[in-house]
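2 protein chains.
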Amino acid sequence: MAKKHGLGFRPHFKTHQSASIGQWYKDFGVSGITVSSFRMAEYFAVAGWKDLLVAFPFSPPDLEYMVRLPADHTVSILVDSEEIFEVLQKIRRRVSFYIDVDTGYGRTGVRSDDPEQAERIIRCSRKNRNLDFAGFYCHAGHSYKAAGADGRREIHRKALSDLAILKQQFSDLHPRVLYGDTPNCSTQENFEGVDTITPGNFVFYDLFQWSVGSCREDEIAVAMACPVVSRYPGERKLLIHGGAVHFSKEELRLEGQVVFGRGVEGCAGTGLLFSGAGWSPMKEPVSLTEISQEHGIIRDCPPGFFDRVRIGDLLYLLPVHSCLTANLMGGYVTTEGQQIGMMPRPG
Amino acid sequence: MAKKHGLGFRPHFKTHQSASIGQWYKDFGVSGITVSSFRMAEYFAVAGWKDLLVAFPFSPPDLEYMVRLPADHTVSILVDSEEIFEVLQKIRRRVSFYIDVDTGYGRTGVRSDDPEQAERIIRCSRKNRNLDFAGFYCHAGHSYKAAGADGRREIHRKALSDLAILKQQFSDLHPRVLYGDTPNCSTQENFEGVDTITPGNFVFYDLFQWSVGSCREDEIAVAMACPVVSRYPGERKLLIHGGAVHFSKEELRLEGQVVFGRGVEGCAGTGLLFSGAGWSPMKEPVSLTEISQEHGIIRDCPPGFFDRVRIGDLLYLLPVHSCLTANLMGGYVTTEGQQIGMMPRPG
Numbered sequence: 000m001a002k003k004h005g006l007g008f009r010p011h012f013k014t015h016q017s018a019s020i021g022q023w024y025k026d027f028g029v030s031g032i033t034v035s036s037f038r039m040a041e042y043f044a045v046a047g048w049k050d051l052l053v054a055f056p057f058s059p060p061d062l063e064y065m066v067r068l069p070a071d072h073t074v075s076i077l078v079d080s081e082e083i084f085e086v087l088q089k090i091r092r093r094v095s096f097y098i099d100v101d102t103g104y105g106r107t108g109v110r111s112d113d114p115e116q117a118e119r120i121i122r123c124s125r126k127n128r129n130l131d132f133a134g135f136y137c138h139a140g141h142s143y144k145a146a147g148a149d150g151r152r153e154i155h156r157k158a159l160s161d162l163a164i165l166k167q168q169f170s171d172l173h174p175r176v177l178y179g180d181t182p183n184c185s186t187q188e189n190f191e192g193v194d195t196i197t198p199g200n201f202v203f204y205d206l207f208q209w210s211v212g213s214c215r216e217d218e219i220a221v222a223m224a225c226p227v228v229s230r231y232p233g234e235r236k237l238l239i240h241g242g243a244v245h246f247s248k249e250e251l252r253l254e255g256q257v258v259f260g261r262g263v264e265g266c267a268g269t270g271l272l273f274s275g276a277g278w279s280p281m282k283e284p285v286s287l288t289e290i291s292q293e294h295g296i297i298r299d300c301p302p303g304f305f306d307r308v309r310i311g312d313l314l315y316l317l318p319v320h321s322c323l324t325a326n327l328m329g330g331y332v333t334t335e336g337q338q339i340g341m342m343p344r345p346g
Numbered sequence: 000m001a002k003k004h005g006l007g008f009r010p011h012f013k014t015h016q017s018a019s020i021g022q023w024y025k026d027f028g029v030s031g032i033t034v035s036s037f038r039m040a041e042y043f044a045v046a047g048w049k050d051l052l053v054a055f056p057f058s059p060p061d062l063e064y065m066v067r068l069p070a071d072h073t074v075s076i077l078v079d080s081e082e083i084f085e086v087l088q089k090i091r092r093r094v095s096f097y098i099d100v101d102t103g104y105g106r107t108g109v110r111s112d113d114p115e116q117a118e119r120i121i122r123c124s125r126k127n128r129n130l131d132f133a134g135f136y137c138h139a140g141h142s143y144k145a146a147g148a149d150g151r152r153e154i155h156r157k158a159l160s161d162l163a164i165l166k167q168q169f170s171d172l173h174p175r176v177l178y179g180d181t182p183n184c185s186t187q188e189n190f191e192g193v194d195t196i197t198p199g200n201f202v203f204y205d206l207f208q209w210s211v212g213s214c215r216e217d218e219i220a221v222a223m224a225c226p227v228v229s230r231y232p233g234e235r236k237l238l239i240h241g242g243a244v245h246f247s248k249e250e251l252r253l254e255g256q257v258v259f260g261r262g263v264e265g266c267a268g269t270g271l272l273f274s275g276a277g278w279s280p281m282k283e284p285v286s287l288t289e290i291s292q293e294h295g296i297i298r299d300c301p302p303g304f305f306d307r308v309r310i311g312d313l314l315y316l317l318p319v320h321s322c323l324t325a326n327l328m329g330g331y332v333t334t335e336g337q338q339i340g341m342m343p344r345p346g
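Protein sequences, first through last, are from chains A and B. The opening position of the first sequence corresponds to residue 0 in numbering that gives the first Met the number 0, with each subsequent residue numbered one higher. The opening position of the second sequence corresponds to residue 0 in numbering that gives the first Met the number 0, with each subsequent residue numbered one higher.
To be clear, the hints were calculated from the coordinates, so they are not data collected in a lab. Take every hint as true, because none was put in to throw you off.
The list cannot tell twin chains apart, which means a pair is met if one copy fits it or any two copies do.
Calculated pairs, DSS-like style, for lysine-lysine (alpha carbon to alpha carbon, straight line, at most 25 Å): (1) K144 - K236; (2) K236 - K157; (3) K166 - K2.
Based on the sequences and whatever the hints tell you, model everything.
Structure representation (structure tokens):
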């Protein structure tokens with residue numbers, strides 16, 4: 000998509016959090032990345048990445064991490080308040096900053112209808128010559144909750160329009176525009192005014208992304224292998240070891256049902272997928288509809304499926320939110336059986 | 000409560016998952032514990048616990064862990080199907096098993112209205128002399144979703160009544176009855192027929208437990224310290240570093256609002272609570288009402304509170320579900336500044 004639209008590409012690495020998976024991007028010519036914390040920036044700097052954007056508003060605890068990053072690394076940060084410059088005045092290394100822009104999501108950022116606030120922030124930054132204003136950053140995350148494709152298109156259109164106005168208003172400073180959540184980058188066709196896209200989740204996708212049309216079900220590239228722990232033939236119910244400590248509590252409403260995961264074809268009973276064959280969508284999908292801390296319940300299994308499954312089999316389930324699931328598991332196994340590590344937990 | 004009612008006490012350790020915190024229980028005379036996996040059993044065995052109940056239906060992958068537990072340790076397991084005995088026939092160490100009983104929760108267990116299934120399970124177990132039928136285990140987890148105190152009392156009453164009938168039916172085998180989720184153990188007064196209670200969450204409690212009357216707000220013993228990352232004076236909104244990778248996505252409806260955490264008094268701006276003073280409920284509570292992966296948003300702060308808070312301050316927030324929050328964080332700091340470790344992640 001980035002190539003097709005002539006855009007820069009600075010993928011977000013918070014979904015996979017893995018140096019090994021990061022390596023795959025290098026083969027596609029990626030050199031700059033986006034991360035969600037300075038701890039993550041440090042982890043990927045050790046893995047050889049030299050151009051890092053920390054796309055979470057800068058806060059005082061970040062200072063001690065920032066000074067540890069090698070001086071020849073390009074470090075970019077996000078700001079959305081004047082107050083943070085009390086801390087940023089202390090920075091003694093060259094740092095680019097983007098102004099986080101809120102085009103309606105309402106989470107973080109300077110509101111796009113308040114360019115005076117952007118003006119004040121840029122003025123504050125001039126007190127420290129190490130700070131370079133690089134442009135505007137926007138995560139139009141409300142596209143995740145938009146009502147259908149039309150709603151998402153309108154959110155995208157407004158975001159691009161607001162960013163174009165800002166870019167024009169500050170044109171003497173040659174600001175770059177960074178933009179892009181996975182739903183918009185996967186489905187929209189017009190990126191006028193955008194310089195670089197920064198999606199992350201697309202590396203795996205997940206049930207949520209599939210539900211909003213970002214991907215096909217067979218493009219979801221991560222699944223949880225859950226052992227079947229018990230079978231209840233009277234109700235065709237299965238207990239799996241797969242709960243909130245594996246899937247988080249992210250839920251999705253699918254066909255009138257709350258779902259925490261969804262089975263894939265060709266895995267039950269076959270053990271770990273070490274053939275490299277991968278999986279495919281089920282003709283009669285089974286859904287994980289109840290989870291507690293460690294338990295997962297699959298109710299009303301299709302009879303053929305239920306009869307085939309044995310206690311001890313592994314069921315493969317697509318997660319609702321791959322970022323949270325990966326973060327909980329702390330590692331991966333590929334379908335070829337290769338173990339892939341992730342950034343360790345703090346402490 | 001256990002002492003008051005003359006009950007055995009086998010606390011569940013899945014909430015804290017910490018050898019150091021486990022030590023505190025020893026000072027109260029606790030010798031047998033409940034855990035949710037064999038990996039956890041192994042961790043606590045290393046920490047010196049010799050009487051372990053794994054309160055998750057036994058499944059084939061558990062075998063390799065079980066053989067590693069020292070032979071002089073008392074190991075109890077949960078079963079709820081005949082099928083699992085294909086695996087349990089292989090066990091060459093003495094193991095007690097409890098039959099998991101479902102009195103209406105609908106998650107796991109033999110339905111209490113199906114004593115023939117319990118009979119069949121006991122018959123299966125006789126093929127291996129290493130297996131001792133120890134009694135019945137019941138987690139009446141539907142009390143978590145009951146409609147008010149009356150609803151919970153009725154769930155508790157039915158569970159006790161069903162368990163008493165089973166105990167009577169199998170009286171020649173002298174079964175023991177293990178029972179007890181935190182809401183019931185914290186609020187009910189009658190435990191007739193129960194031998195041992197097994198609650199776990201009470202070690203910390205949390206907002207959910209408070210919302211159902213298990214505890215007072217000032218009895219919640221764990222909070223998340225979240226740095227304030229940005230302030231939005233126009234809306235009295237705060238951005239904190241505290242999202243789904245810290246709180247999970249467990250939500251609670253409080254006063255008509257979806258809440259993921261709730262602030263406590265006397266902490267904002269004071270840094271880590273290393274005075275031993277602890278915290279107290281806020282007079283005008285602030286609630287964490289929106290979270291994404293790393294971001295947390297607190298809207299409509301009371302003016303006095305908002306004016307006092309600075310970027311970089313730590314806000315202390317009570318979690319909705321302390322088990323999931325602790326599992327995500329992987330460690331604790333006491334109000335005296337002591338670091339407390341937890342069971343490491345797998346892999």
